[in-house]
Amino acid sequence: MYPKELKYTEQHEWVKVEGNQATVGITHFAQDQLGAIVGVGLPDEGTTISKGEALADLDSMKTADQIIMPVSGEIVKVNMTLETQPELLNDDPYGEGWVVVIEMADSDEINELMSADEYKDHVAKEAGA
Amino acid sequence: MTMPLIFEKSKQGRKAYSLPKSDIPGKETTELLPDWAIRKKPAFLPEVSEVDLIRHYTELSHRNFGVDQGFYPLGSCTMKYNPKINEDVAALPGFNNIHPYQPEELVQGALELMYKLGRDLCEISGMYEASLQPAAGAHGELTGLMLIKAYHESLGEGEKRTKVIVPDSAHGTNPASAALCGYEVVEVKSDERGGVDLTSLREVVSEDVAALMLTNPNTLGLFDENAVEIADIVHSAGGLLYYDGANMNAIMGIVRPGDMGFDVLHYNLHKTFSTPHGGGGPGSGAIAVKEILAPFLPVPVVKKDGELYTLDYDRPDSIGRVKGFYGNFNVLVKAFAYIRSLGAKGLREAAETAVLNANYVMRKLQGRYHLSYDRDCKHEFVIDASYQLKHGVNTNDIAKALLDLGFHAPTVYFPLIIREAMMIEPTETESKETLDAFIGAMLKIAELSESSPETLQEAPHNTVVGRLDDVTAARRPILRWTPPEG
Amino acid sequence: MNYVPHTKEDRSEMLSAIDVSSVDQLFADVPLEIKLDRDLNLPAAMSELELMNYMSELAGKNISTDQVVSFLGAGVYDHYVPSAVKHIISRSEFYTSYTPYQAEVSQGMLQAIFEYQTLMCELTGMDISNASLYDGATGVAEAAMMSSRITRKQRIIISQTVHPDYRTTLKTYAHNLDFDVEEIPFKDGITDFEALKELISNETACVIVQNPNFFGYIENMEIASEIAHKEKALFVACVDPISLGILASPGEYGADIAIGEGQALGIPMGFGGPHLGFITCQKKHMRQMPGRIAGETSDNKGRRGYLLTLQAREQHIRRERATSNICSNQALCALAATVYLSWLGKQGIKELAEMCLQKAHYACEKLSLVPGLKRKHSAPFFKEFVMKMPLDPEKISSDLISANILGGLPLKRFYPALSDSMLIAVTEKRTKEEIDMLCRALEGLV
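Residue numbers (the numbering used here), protein chains in the order written: chain A, -11 to 117; chain B, 123 to 608; chain C, 5 to 450.
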């Protein structure tokens, strides 16, 4: 449920680091909490966003949420398929449901992210609370 | 059977309209307008005969449920009977066919009505001055918050006071209105009796608070006994109190928001004062304020100068206007007619009966439905489906099953602080027989949830359509009809 | 009269059923110190007959357009309301229902809204419509806020030829959101696009222009749209729906958002409300649309049905991050517009618009022949235009009343520089005889 090779944030984004680029999506836990995701608001390619700021909007049947930038940088690729098939975020959060690719401004920021094991504990705590 | 759209009934060359024969020397459009101004592609409006038009919309009306069709216990919406006389008086040509920019001398009756309605609304709420301009409850909220902001700005505290406190049980419009007014929203928890938790309130109240928004009785239908203390806490920090008047039907003539310490409120004239909801609008969100907020009211304000009623625009501290003209006048006429038919005693009796009816239904359902707060309620109450959930039946299933039994459903999944909530507001205009029939239906559903949960899970069975696929509707939105190719 | 059905026996049975001795006991939790210890100070209750007499008396103190011939417009128009419209919106299945939350028993209103959305899209040449807003004025404010959400910019540019009430409403909203609102001046009654080019920058969220503008003149929307788009600002067109029978649609000149006042579509003037705010937009902006939207879907048996959709935009889900705080629409007014537009049909809207155009031009021509009167501006117009008067227009307006004429709007209150002028509106309802009567009356006055 939480692939080992990925990094995670407290707000339930996953990050896959390849060189200076980071692919970002939402975790299985996040999509489960949101329920059926019905719409996304995606950023434009070329936008620069700082860590902690809103990256994209997510609308589900019962709530509306935001994806938060896990690391600062420029958006170099956007998964436009999500606009017409938002269900990919539910059905395949770590694969077809990826959201953006970021060219990182400061790759040291990845050290602040959680490992899969740490994230698992985090989720357990949140689910228990 | 699928009901066709009006467009699907269209046939080229048919028409319902008739226009007078032109009696002036006509000129071609191209002579009167430059070419770039003229439309190239005509709008595809349907072409139907008048009889087809009337039958189409009459058929649609048969597929719609209103208060005139049956019991409508939609919590927080006060679906009381809409008296027919109100429709008739509002349709008088002297009210309906007058232009908002007519000289004031020619609309004295309209201005007198607005002035008197404003005074009545102040008396009912214990306030000083009113504005009838806001078009709906949410619009009234926004206007009220703008007044609060203008007040703080006038004291030089506009920058400092950035927060609005909203209880976790509040209507969703409260935080949305506060945000639209540029405020940061701070949520305060409810206590075990369903009221505002005073300890939490004290923690969040400070010099940066602009206002607290509250409805009392609250969305659980419970009267907050600490109203005065809450007002003191907020006032002593320099904040103001906003009253969400959605629940005024519980307290007319019994207790007034002004006397509880509130500084501004909005009314939902379409709830409390019987004007019809029109399938979602138009309503009216008239507001009333204490004297300290009066200078900031939107312009114009109706004023009485001797025997003459005028529109006062000369209010230098006014926030401006929040809408075109003077408000939803036609709705105001109906609300005024209602207040004048009931009088003081009638309003009080309406509130008392609304509360009696709610308590009667609540106590009859208690035991078979879970009641989170076992207290006397006001005009509405909240139960939940936690007993039924054990059999796999949720609130939505119960709501849909009620439709099959000829009732409108309660408000569901609100307030958010109660899981599987059902908010029931019977209103005062329902007879004991109607209430008993509804209670019977609810008890039958409770029974079915044990004996035959699948019937409920598939409800409704008797409506013109069954449960609709809302997920696909949101993922692949079809928001208009598209003409077939060619 | 209070419409409470309980008999004495009902009441006591209900009280004993809940084990309470009196209704007062149910209010025991209201602290005594704040309880009202008197009756509300309101006039005595009236019977239905007394009420009808009293309300008729009040209504009688107003002069209605049934009694006078009206040339007053300025955003609210004396168009004919067909009987079909009145009869449909008087059906209580519609008017006594609430927002269609329970779709299965609200298919009538939902389908009507879906039809309304289609009609408004067709009329404005746009992709998406919502279920309606309060009115034209709040429509302008909602369009500005929507533009700001889309562009993430806070500068709004609006032409001074947009309805003055719409502009003041926008400014009231803008103040609380820290928006900058700048106005484009006008020249000869038309937006000065050179001035717009000076004002616009890459900080601009949107440019708002009205067509026909407040004075009734046709703006060159294509040019305005181009200027806005060049700076990546959105272009917002505020339009008169009747004019769209002949005038280029917002879709045709590339508007991002179209808004307007729909009162002309079968809704009485009613002293300024309730009216109908409409808003349509291009598909790419769909999720930033404020307010209710109806959508098509199917039920568990595959039957077509309608429901409120895209609700994640709205306040009850998104709360403080909602696209707007609006949680209602003017459903009954939207229904009136739907029936009205279906009554007119494809040909009718064009013929009606042409008739307004022609009658207004006839009136303008005839009025220009009255000694002392002349056109204030020379721009092309639709159903309204500005006449310069030889005397104080307010005086003329009040003198016309004795000739049973409701004159045009004296412009002084909104445009001090036009204090010598009157805005005159001519709808299809005005006859040659009535227009000639206005000319004769003015000849006698000036």
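Some hints here could point you the wrong way.
Claimed, not checked - List of simulated lysine-lysine pairs, BS3-like, C-alpha gap at most 27 Å:
1) K137(B) with K433(C)
2) K287(C) with K162(B)
3) K378(C) with K162(B)
4) K50(A) with K305(C)
5) K425(B) with K416(C)
Hint data in this document are derived by calculation from the structure and do not stem from the laboratory.
Hints and how they fare:
no., hint, in the structure
1, K137(B) with K433(C), "holds, 20 Å"
2, K287(C) with K162(B), "holds, 21 Å"
3, K378(C) with K162(B), "violated, 33 Å"
4, K50(A) with K305(C), "holds, 24 Å"
5, K425(B) with K416(C), "holds, 22 Å"
Taken one by one, the earlier hints fail for this structure only at number 3.
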